[in-house]
Each structure stands twice: as C-alpha cells, then as structure tokens.
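Chains A and B are the protein sequences, given in the same order. Using this note's numbering, read the first sequence as starting at 2 and increasing by one per residue. Using this note's numbering, read the second sequence as starting at 176 and increasing by one per residue.
Check each hint, because a few of them may be wrong.
No more than 27 Å apart at the CA atoms, straight line, and that leaves these computed lysine-lysine pairs for DSSO-like [unchecked claim]:
1. B:Lys489 / B:Lys478
2. B:Lys526 / B:Lys540
3. B:Lys540 / A:Lys34
4. B:Lys386 / B:Lys487
5. A:Lys34 / A:Lys45
6. A:Lys45 / B:Lys540
Since the hints were made in silico from the structure, they are not lab data. None of the values given here were measured: they were computed from a predicted structure.
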Amino acid sequence: MGAAHSASEEVRELVGKTGFSSDQIEQLHRRFKQLSGDQPTIRKENFNNVPDLELNPIRSKIVRAFFDNRNLRKGPSGLADEINFEDFLTIMSYFRPIDIAMDEEQVQLCRKEKLRFLFHMYDSDSDGRITLEEYRNVVEELLSGNPHIEKESARSIADGAMMEAASVCVGQMEPDQVYEGITFDDFLKIWQGIDIETKMHVRFLNVETMALCH
Amino acid sequence: MFLLLPFDSLIVNLLGISLTVLFTLLLVFIIVPAIFGVSFGIRKLYMKTLLKIFAWATLRMERGAKEKNHQLYKPYTNGIIAKDPTSLEEEIKEIRRSGSSKALDNTPEFELSDIFYFCRKGMETIMDDEVTKRFSAEELESWNLLSRTNYNFQYISLRLTVLWGLGVLIRYCFLLPLRIALAFTGISLLVVGTTMVGYLPHGRFKEFLSKHVHLMCYRICVRALTAIITYHDRKNRPRNGGICVANHTSPIDVIILASDGYYAMVGQVHGGLMGVIQRAMVKACPHVWFERSEVKDRHLVAKRLTEHVQDKSKLPILIFPEGTCINNTSVMMFKKGSFEIGATVYPVAIKYDPQFGDAFWNSSKYGMVTYLLRMMTSWAIVCSVWYLPPMTRETDEGAVQFANRVKSAIARQGGLVDLLWDGGLKREKVKDTFKEEQQKLYSKMIVGNHEDRSRS
C-alpha cells in the first residue's frame, strides 16, 4: 500500500505538467508498459510492435517525432535515444483535445504548440525552415507505398505545393528571387484564421466503472 | 524407533483405506458415468456453489473498500480512444475544406494539411491498437479467488485471505491429484484401447468399438479438467465427409469437441507422449498426421485432406483455421487452406467463461506443461459450444471470402469480435500487401487529380 501513495504523487505531478486526467494517465501508463515490454524507457525499436502503425506512410516521421528533442523540450535539435514515461506523455499531450473551459489565450497557445509539432515533422534538419528538399521528402514518403508513382511526379507535386505556399507567405516574387523556405511564422500565417487544430487531437473515451452484475 | 512402530502401522492403514475409498469414489462417480456418457450433475452443482462463493467474496471486498475509501474497480475499457469510422478520403477532404476556404473545387492537390490525417492516425494506433489487445488474457471484473487473476483488487480482508488460502488448499491438495489421476487414466485407456481395437479386422464392429473408446477417453479427460460444457444445437453436428471448423483458444478445444463427436484429427506428428498417443489413435481409425516436412507443402496437405474428405466412410475432419491460440475475445483471420477443398463446412463456436479459469494459452508466456498445470489448478473450465448450420462455398465465391463468411458466423454466435487481422501477427510482422493499400488510396487521390490539372 506504501507504493500506491508515491505512485499517486507522481500521477498528480504528471496531471499538472501534461494536462491529462489521472485515469487517462493510468491507461497511457499501461500502454507505455505494453510498448516498452515492462522497461522504464522506450526506444525506436519498440514501436515495431504496433502492427497498425506499419500501414502509415509517414510512420518513420511519427516515430522520430517521439524522440525529437524539440518536441521533448530538451534542446533545439537532435534526437534522444530513449524516452521515459514522462516524455511519452509530453508528446501525447500535443494531441489533447482543446478544452472548452480554456480561455482565448490558452487556446491560441495550444494551437501554436500543435502547429509547432507539425512544423518539426516537416523540418527534419532543425534549421527552422521547411526547405524545398524537406517538403519533397515528405511528399515522397506519403506517396512511397505506391510503386506506380515515379519520383518525378512526386517531385512536381511538391514543387507545385511549395510555390503555392510561397505565394501565400511572401506574395509576388521576383523571377530570380529564391524562396528559402517556410519559417514557423510563415507556417502560422498559412493557417491563420482557420480552425485546423480541431483536427489534430485524439479523443479519449469516457471511461465508466462496471458494476458487478448478478 | 520402536515407539514409532504402532503409529507407523496405523498411518499405513489409514493411508491404505483412504486411497481405496478415493479410488472407489473415483470409479463410481467419475469413470463409470464417463464410459456410458451419463452425468450425475456433480459438476453443475460445484459450479453453482462456486458462483455463490465468488459473489459473496466480491461483496465483502466492496464493503471493505468502501469502509477504507479505496477504489475497488478498475474502469472498464474496451479501448481507450474513440476512433473515427470515417474513411481516408472523407477525412482528407474535410481537413482540406476546413483548411483552405479558397479552394472548394473538387480537384484537391497535395497540401500541407494532408499530413494531419496520417499523423493523427499514427498517434491513435500508438495509443491503442486492436491487435495487441487480443493477445493478452481477458481481464475480469470480479475476483475468482485465484491469485493469478488478481490484477486490480488490492484490498483484501482477513476473511477473504483465509478463504483464498482454503481455496489454494482445495485446489492443490485435493483437486490437483484427483485430476492428474483421472488424466493419467484417460490417456492410458486411450492408448491401450485404441491399440487393442487396432488388432481387430476391419468392419462395423471395429468402427463401433473405436468410436466408443475414443469418446470414453475424451470424456474422462473432460472430467480430469472439470470442464463444464454446454452444447447448443446438437442437431447441426458435423457428419462424414465434412470439415469441422472452430475458433481456437487452447489445446483443450480438441478435447471439448471430441468428447461430443467422433472426429478425424489433423496435425503434425510429434515425439514423446503426444507421438505415442497419435500412433495409437491412428491404428483404430484414420486420422491425418503430417510429418514435419510435409506441413510446409501446402499442395500435399490439401491433397491429403481432399482425399480424406471425399471418402464418405471417413470421419469429419477437425481443423482450427486461425492457426494459433487467441484469447477468446475475438476471432482472427482464418487461413484459407481448409476452405479451398470444397467440402461442406460445419462451423463451431467455442466461448469460455473466464470466471472459473482462463483457458487461453499464451504460448509465448507458458509452455505446455505449465499451461496444463494451470488448467488443472483452476476451479473449473466452463464453456459453451454452439454447432452452427453447415455452409458450403458458393460458385462465385473465393476461398478467402468463404473463410471470412464462416468466421463472421462464428464470431456472431460466440459473441466475439470479428477481426481481419492475421493470428500470425502474434509472432511475425505485417505483410507488405496490407501496407500498400492505404498508400495506394492516398496517392491515387493526389496523383489522379494532379494529372487532371496539368492536362487542363
């Protein structure tokens, strides 16, 4: 019973830090243990145990996001080798639904955090800009499963999309002006006024206790 | 030393008397009814008593927990997140619509927001996926006085601990030796009986005797596990020339089904005790045993099964198409081999009640012997067997569709979840063909439209 007390202390700490409820934290902890095989940390290889994830074309980017120091708030760049449960929850908290009880300022903050997570997914070299190369890389990955698409078409799609993004951010460009890449502010500008963060959340089921029925 | 002598002989006498009494009881109440297929109803009475005790125990725990203000029940979850049932196309269209109020025309291209969908889906699967859930044993909401199922009940009073201790005593010191004795009797009778029947000339008498020897021994084994089985719709029982297909939870499934019907088994030749049993059984009636090398050759397997099935005098084959043990909350993909043969398929659904003992064999966690010991030290194994009406493959139906149809029927009857996933995922990784599906769909969406655009 002594162990239970210290565990609930930790849980309360995590509730404060990440904003999940204690029930959700317990469930995620069980999931964490399942993924890590009862170890205290998770490595990249542990994500191989999730068969459904194989279907996802940007699987490697998602797994990478878990170890990205920028998402873990541990540094401006680089990858961690392994993460513990608190780090796991930190990443998961990017996908918490927007609480109705939040005020305008908190909503804006939340939105910015979510969009920043996505920005980091595109910006793989952590230089603060999404260059054409990085953009192409994402498109290629998304289309990677289909053997019929040639690299050329993937490239042209990426180029077209990049041009459009440039026109939104910088406006009309001179013919020899080089667009260096989408910065985070430009990224925010693209999504300004549009309610995109409601799509970036995972809804937790309302868990109820089951009574004994006899 | 001399002082011990009178006590010595007393103890020996007592031991001798108790053993004789035990064996007589065994014979009268268990083996004789097994031979004739009658039942005294002792097991049903046992089950009712146990249920009453479990209910009482849980009430005590509730009361105790309330006094001490502890949380007693683990929240009931069948998955922790709400997954949207919308398809890939719908979601991406919605994201784009909400993202770009400008482009409401129906030629969507790749946009920055497309990544949202895949990102979210990825997160959802990391948080909770269907497949991994199926391979851990089902969790109970009330405690059945077995420490192995005590995941969530931390508060246990003194009275309950005493009861649990009593339970341990009964299970390990009384029930376990009894069950082992029965199992031993059953298996040796099987081996001896079938070998003897094997010496008889072929004919009706041999068939008759073989059937009854098999049934009798399986019934003894059923009692050795204290399995309380309820059979439903026995009129649909498999007939000669058919294939009986069932969902697989543990090796005990074979004993449960074979104690109510006469089947030809299919399997790999083993060494050791299993091998002895297999060789004896095949003398009395034609079972289909494959050598290890033959198992890999699918055509050979299919050919032998077809030959067996076409001979109307031969028994119905018993097959478990999932290929591995599942934890009895769902039915996984059926391997299509047995459905290609073209015989009538008799589906059977088996559902275990986990309250008395969890029958799921997690072969990565426990070996066979450990598993059997766990089974024999549980209270009982309670299950229901439903015989479903026979199905045949339609002319324009593929083997895979047929297999899925049978699987859905079994899942529906047994109250199990029907999953498309391969039971082999317990050990291997996802096949590449599955990976391509989603990606093809998405890429079709983008490239197809891009071509339209560039053309116009």
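Tested hints:
{"no.": "1", "hint": "B:Lys489 / B:Lys478", "result": "15 Å, holds"}
{"no.": "2", "hint": "B:Lys526 / B:Lys540", "result": "22 Å, holds"}
{"no.": "3", "hint": "B:Lys540 / A:Lys34", "result": "16 Å, holds"}
{"no.": "4", "hint": "B:Lys386 / B:Lys487", "result": "16 Å, holds"}
{"no.": "5", "hint": "A:Lys34 / A:Lys45", "result": "14 Å, holds"}
{"no.": "6", "hint": "A:Lys45 / B:Lys540", "result": "24 Å, holds"}
Going down the numbered hints, you'll see the structure goes against none, and every one checks out.
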